[in-house]
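Respectively, the protein sequence lines represent chains A and B. Each residue of the first sequence is one higher than the last, beginning at 8 in this note's numbering. Each residue of the second sequence is one higher than the last, beginning at 101 in this note's numbering.
In case anyone wonders, no lab produced these hints; they're calculated from the structure. Quick reminder that beta carbons are idealized off the backbone N, C-alpha and C, glycines included. Any given hint could turn out to be false.
With beta-carbon atoms standing in for the labels, derived distance ranges [to be verified]: (1) B:Q232 with A:I167: 15 to 21 Å; (2) B:K160 with A:I167: 43 to 49 Å; (3) A:G133 with B:G119: 23 to 29 Å; (4) B:S112 with A:G133: 23 to 29 Å; (5) A:N202 with B:S128: 42 to 48 Å; (6) B:K221 with A:A80: 28 to 34 Å.
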Amino acid sequence: MADDKSLFSVFKNGIWTENTITVIVLGMCPTLATSNSASGALAMGLAATFVIICSSAMVSMVRNIVPGGVRIAAYVLIMATFVTVADFYLQAFFPEMSKVLGAYVALIVVNCMILARAEIFACKNGIAPSMADALGTGIGFTWVLLVLSFIREILGSGSIFGFVILSENVFNPWVVMILPPGAFITLGLFIGGINYFTKHRGASR
Amino acid sequence: MNQSAKMIVVLSVFAVLSGAILAGFYHSVHPRILKNKLEEERKMIFAVLEGSKSYDTVEKTIKGAKGPEIVKIFVGKDESGNIVGYAFTAKGPGFAGTIEVVVGLKLDKKTMFGLRVLNQKETPGLGTKIAQEKFTGQFKGLSIEPKIEYVKNKKPTKPNEIQAVTGATISSRAVVNAVNARVAAVLDILKEENAPPEAEEGGANGRR
Chain A
8 MADDKSLFSV
18 FKNGIWTENT
28 ITVIVLGMCP
38 TLATSNSASG
48 ALAMGLAATF
58 VIICSSAMVS
68 MVRNIVPGGV
78 RIAAYVLIMA
88 TFVTVADFYL
98 QAFFPEMSKV
108 LGAYVALIVV
118 NCMILARAEI
128 FACKNGIAPS
138 MADALGTGIG
148 FTWVLLVLSF
158 IREILGSGSI
168 FGFVILSENV
178 FNPWVVMILP
188 PGAFITLGLF
198 IGGINYFTKH
208 RGASR
Chain B
101 MNQSAKMIVV
111 LSVFAVLSGA
121 ILAGFYHSVH
131 PRILKNKLEE
141 ERKMIFAVLE
151 GSKSYDTVEK
161 TIKGAKGPEI
171 VKIFVGKDES
181 GNIVGYAFTA
191 KGPGFAGTIE
201 VVVGLKLDKK
211 TMFGLRVLNQ
221 KETPGLGTKI
231 AQEKFTGQFK
241 GLSIEPKIEY
251 VKNKKPTKPN
261 EIQAVTGATI
271 SSRAVVNAVN
281 ARVAAVLDIL
291 KEENAPPEAE
301 EGGANGRR
């Protein structure tokens, strides 16, 4: 089952065909909240990717010894451990980033994306495919988050990664874009665009 | 082993393992986290105490509105040990969460060196502007007498006035109020601290 081709297709699944944000629409809380700056989005994406890879590997490793009745509790415990590790790590080595993300790092633990991958994939597959699946899902989450944050940060603050691109003299930033409504508007248009694209491309394929 | 015993054993082992991992990891990074926090405070204190090379910390407990409060005053000194000014932190409720600022006071105790925002959780793009130079820069040389005031949508005219950030009056007001609320207590403590020779002599005389 774990030959190279299927590993790759599992990986690709997470990035595009079953993208957490645009297709499955899970993990909306961090998506909406942290996509108002590119640096916040990147940090959230990487932290979530780290957690999902570690938890999926772990869940897959212990899948045969965890009794069905307590499996969710066990998965959440595993995830919470890695999330806390990631949180401490950010606080210790990237204090600025940890300040920007605030409570959202701790909230990765309730990101349905990670529990979903554990429950749908990792608990039924070996370690290698589980990690490929997690990596694909994590990267899929990160790139969508980054695209959203580029749009929102440029229009809302006139900058990318904090570097001013459109100075306030030429362009008056649309503050709404970095506020919650901007998150919904951007995400909605983005998913709509992706669906339009896949529908038309899918028909011609 | 029956099913429920297995559940208990598996979950307990998991919990103990994850507890052990977290305790170990926390232990190894905790000193760094603390250091980061202290370093940031230091950086901010030096930023609001112009010309200082070191500072001493004076801690006093005062009676606050909700029980005893600790007031920390940082006495800034230059190379030769002369006092250049005083810094203190002040905090108060903002639009979302608590705003904490560091304030530098000149030797005359009437004007400010400046102000920096230490912690805030204001609305991104609006309230967060209170942490930017455009707003905090107004506190440079600001008079604290009789108290700091703010004006909206016009240029400040008095030496004790600043202009609130447009669209973030609540956040701006929170900064002003936090500083005003703290100034009195700090001045009181400084009065005591600054007259130690006389006070001690007076005390000794009184006992004699």
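Outcome of the hint check:
Roughly 18 Å separates the CB atoms of Q232 (chain B) and I167 (chain A), a value that falls within the hinted 15 to 21 Å. For K160 (chain B) and I167 (chain A), the Cβ-Cβ distance of about 46 Å falls inside the hinted range of 43 to 49 Å, so the restraint holds. Take G133 (chain A) and G119 (chain B): their Cβ atoms lie about 28 Å apart, and the range 23 to 29 Å holds. The supplied range of 23 to 29 Å is met by S112 (chain B) and G133 (chain A), whose beta-carbon atoms lie about 26 Å from each other.
Under the hint 42 to 48 Å, the C-beta atoms of N202 (chain A) and S128 (chain B), about 46 Å apart, fit the expected range. Restraint check, K221 (chain B) to A80 (chain A): a C-beta distance of roughly 32 Å satisfies the suggested window 28 to 34 Å.
In the structure shown, no violation is registered for any of the earlier numbered hints.
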